[in-house]
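Colleague: Residue numbers (our numbering), protein chains in the order written: chain A, 1 to 224; chain B, 1 to 224; chain C, 1 to 224; chain D, 1 to 224.
Everything labelled a hint here was simulated from the structure, so no lab data went into it. Even for Gly, the Cβ is constructed at its ideal location relative to N, Cα and C. A couple of the hints might just be wrong.
[Stated by the list, open to error] Here are a few chain A residues that sit away from chain D, every Cβ distance over 12 Å (derived from the structure):
{"hint": "1", "residue": "Arg23"}
{"hint": "2", "residue": "Leu49"}
{"hint": "3", "residue": "Lys64"}
{"hint": "4", "residue": "Gly76"}
{"hint": "5", "residue": "Val84"}
{"hint": "6", "residue": "Leu177"}
{"hint": "7", "residue": "Gln188"}
{"hint": "8", "residue": "Ala190"}
{"hint": "9", "residue": "Leu201"}
[As the list claims (entries may be wrong)] Simulated restraints, written as ranges between beta carbons of each label pair:
{"hint": "10", "chain 1": "A", "residue 1": "Leu28", "chain 2": "D", "residue 2": "Glu180", "range": "52 to 60 Å"}
{"hint": "11", "chain 1": "B", "residue 1": "Leu157", "chain 2": "C", "residue 2": "Gly196", "range": "39 to 47 Å"}
{"hint": "12", "chain 1": "C", "residue 1": "Gly196", "chain 2": "A", "residue 2": "His19", "range": "48 to 56 Å"}
{"hint": "13", "chain 1": "C", "residue 1": "Ala105", "chain 2": "B", "residue 2": "Ala12", "range": "53 to 61 Å"}
There are 4 protein chains.
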Amino acid sequence: MTGNTLFDRLVAAAGPTWHSYTRHDFVLRLADGTLPEAVFRHYLIQDYLFLLHFSRAWGLAIYKSDTLAEMRRAQGLVAATLDVEVGLHVEYCRGWGIDPAAMAAAPEALETVAYTRFVLDRGLAGDRLDLEVALAPCIVGYAEIAAERMADPATKLAANPYKSWLDMYAGAEYRALAEEAKVALDEQFARRGGEGRLPALAATFAAATRLEADFWQMGLDAAR
Amino acid sequence: MTGNTLFDRLVAAAGPTWHSYTRHDFVLRLADGTLPEAVFRHYLIQDYLFLLHFSRAWGLAIYKSDTLAEMRRAQGLVAATLDVEVGLHVEYCRGWGIDPAAMAAAPEALETVAYTRFVLDRGLAGDRLDLEVALAPCIVGYAEIAAERMADPATKLAANPYKSWLDMYAGAEYRALAEEAKVALDEQFARRGGEGRLPALAATFAAATRLEADFWQMGLDAAR
Amino acid sequence: MTGNTLFDRLVAAAGPTWHSYTRHDFVLRLADGTLPEAVFRHYLIQDYLFLLHFSRAWGLAIYKSDTLAEMRRAQGLVAATLDVEVGLHVEYCRGWGIDPAAMAAAPEALETVAYTRFVLDRGLAGDRLDLEVALAPCIVGYAEIAAERMADPATKLAANPYKSWLDMYAGAEYRALAEEAKVALDEQFARRGGEGRLPALAATFAAATRLEADFWQMGLDAAR
Amino acid sequence: MTGNTLFDRLVAAAGPTWHSYTRHDFVLRLADGTLPEAVFRHYLIQDYLFLLHFSRAWGLAIYKSDTLAEMRRAQGLVAATLDVEVGLHVEYCRGWGIDPAAMAAAPEALETVAYTRFVLDRGLAGDRLDLEVALAPCIVGYAEIAAERMADPATKLAANPYKSWLDMYAGAEYRALAEEAKVALDEQFARRGGEGRLPALAATFAAATRLEADFWQMGLDAAR
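Looking at chain A on its own, in the form it has when it is part of the complex (with noise of 0.2 Å):
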């Protein structure tokens, strides 16, 4: 396994479950346009109070960090979320008809719990590189994601009301971002690893994937 990054080791002990979550039907089905638009409604909506989660993970982050440079990484991200994405996101959602408003208050779904809280538990009860494992299908997952579609014939562009999602994860800039995040594990594991704590550390992986499968497949089941 030498030369492997932790994160490609880590996607190789997860097996069928990465692709169960990469190539998840929702996936799929946004890529070539057919993702009814309910579905993909309903699963911006929950991305919303997802990022407010996903910016308390980053605030621990802060807290849980060693040095300065650690500290100014994880308060990157919360700024990037808190001052840029929440903002984008409400502005791009207003573009699909969705209220600010409601959207704010709308329910929290069962599978947004459980993947948000999932992942500051491990925070919380690990260290930070847990934190920044249970996150990583998220942050580096979305980028391969979309680029994995970007690269697929079945993928059509032309017309794809989905489109601006595949070209953001796609985009050169959030590709730096998951690549960083990748870099980040490695100086983690460097750090505060070892080749112990891989199997707990694949487990926490493999779970957090399992629950961003369910967080697509949300998005399906409320429009039944």
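Using the hints, position chains B, C and D against chain A.
Modeller: Relative to chain A, chains B, C and D alone:
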């Protein structure tokens, strides 16, 4: 509202959500003996996994204690769970043909993750009162559920395979534990609360109650 | 007590402990320019180490937020500390002949450990109000200290090497930050408090104030 | 370093800091019976306050457990502390003329705050291994201190008012508990560690050891 306990006020604030949990179809069918056994087995396995996080929650409560008395109450609940309940549960499940090792290795259901991690997050983000309020639908609710079923003419105890479950939670010992939990809520509300906190506590209580209802529903869904 | 802010009530409850901190010998000698420079240098180095844990405390506050507004206020304070203050502090210390690398590598004094970890523990064991109350003697106290010294005829600004320190904390920018912290305490007390919480909050505030006084004393002791 | 326990390696990494704690003047004078009684009384009172936070630390360890076995070990230590040790300590102190109520109401010394909150913060910011490493100088150290004194010809047990203290920590029961703690460190290092973690763990261990030495010094200083 004078004279009401905090628990009563939280139940009142939860409105119909409370009965959607305490009078859930799972409960009614358990009481009249028509609940499919596969449903109950699924519930038992997830309830075992729940117990482990329940112990973690009371361990957290020890950490969050301000007084020796608060510490001792939490430690008593951890001890009762780890030293007694876990063993009883394993034996009870064996009677239902559930292998202890298989149970310990069973994957956590989405509903189990959602409820347990929600409770732990409330306990860590908030204070001990937030934690105990999030746990109240479980601790106090089970006593109320059993008492209500026992008083219901539709309940059939003869030849009901779930009779021992009802007996346990309707029993004097469990009732005393539930009463103690209600008293503790009032004590903490006096020392750490105030009317201004009611809306946030009520939101936590209602969310936890919804997650408990989802936990019942999980069993029914799994059997489908 | 109607009309008083929570901060005013906490100061009143702290009794003489408050002035043992705000009118500590360190402060009076800083204001009249007679503080030995070695004392101030020792203080500056420990204050740098304090800043890192101060950032961690506000990172924790992001995690402990219930609303987007709460998150943003905490994030603003982390950003102000990590993006601005840490850099300013390093430059200021360089002016006092303190090497940045040596400062970052300096061992934490007992008093620094005690105050910073006390704050973090209150924040984790309690809720965000507990955390902000533990931080208030620092945030609000520094503004009060500087204002009081500036109004004192015994203070000598001419040829006082500590003038810039007084100017900073007596300045409009810092005063506004302190006022904001007082308002936030009142908002949180309204939403998460109640009279029953006063004794515990007052105990936290008084303990934190004592630890701040110990922090001043540390400098004086170190120079002996 | 093969064959060494993690504890041995942490002691080696701490260098002279370790003996500055285990062979502190307080310890040597306790062993030869020349420690002023007022010093010991001050220590006893602060040690009682320490015990409460020690219980909180093991409560936190329950929360931070990954397995039932880990939970049970932590719960056993909370139970031993709250159900047995606290009571024994109160009785022992009564024998030294210390009133239980006065002891419970005594203000925490700076050194007590520093050590206990440092441990809790390491435990919350890090994982359970960080927590147990921060506790090791106390748990394992006391057994080593007592054993070393018992083997030292300078130690005088006849007419030594502190003989029972030495007997307790040199006794088989306490020695077994310390051995268990060392084994637990190795188990966790195998499962959660790796060589890369050594420097950070060693820094935590050394800092905790220094704070323990400060705790001894506190008694001597208080009597001056």
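Colleague: Decide, hint by hint, whether the structure agrees.
Modeller: So, going through the hints one by one against the coordinates:
Look at arginine 23 (chain A): its CB is around 31 Å from the nearest CB on chain D, clear of 12 Å, so calling it non-interface holds up. At the 12 Å boundary, the C-beta of leucine 49 (chain A) stays outside the reach of chain D, the nearest C-beta of that chain being 25 Å off. The beta carbon of lysine 64 (chain A) sits about 5 Å from the closest Cβ of chain D, which is not more than 12 Å, so the claim that it is off the interface is violated. No beta-carbon of chain D is positioned within 12 Å of the beta-carbon of glycine 76 (chain A); the least distance is around 19 Å.
Even its closest Cβ contact with chain D, about 27 Å, leaves valine 84 (chain A) beyond 12 Å, as expected for a residue assigned away from the interface. The beta carbon of leucine 177 (chain A) sits about 24 Å from the closest Cβ of chain D, which is more than 12 Å, so the claim that it is off the interface holds. At roughly 9 Å, the least C-beta separation between glutamine 188 (chain A) and chain D is not larger than 12 Å, which violates its mark as non-interface. With a closest Cβ-Cβ approach of about 5 Å to chain D, alanine 190 (chain A) is found to fall inside the 12 Å limit, against its non-interface label.
With a closest Cβ-Cβ approach of about 10 Å to chain D, leucine 201 (chain A) is found to fall inside the 12 Å limit, against its non-interface label. Leucine 28 (chain A) and glutamate 180 (chain D) have their C-beta atoms about 53 Å apart, which keeps the hinted 52 to 60 Å range intact. For the pair leucine 157 (chain B) and glycine 196 (chain C), the supplied restraint of 39 to 47 Å holds, since their beta-carbon distance comes to about 44 Å. Checking the proposed 48 to 56 Å range against glycine 196 (chain C) and histidine 19 (chain A) shows it holds: the Cβ atoms sit about 54 Å from each other.
With their beta carbons about 58 Å apart, alanine 105 (chain C) and alanine 12 (chain B) fall inside the hinted range of 53 to 61 Å.
The structure does not agree with the numbered hints 3, 7, 8, 9 stated previously, though it agrees with the rest.
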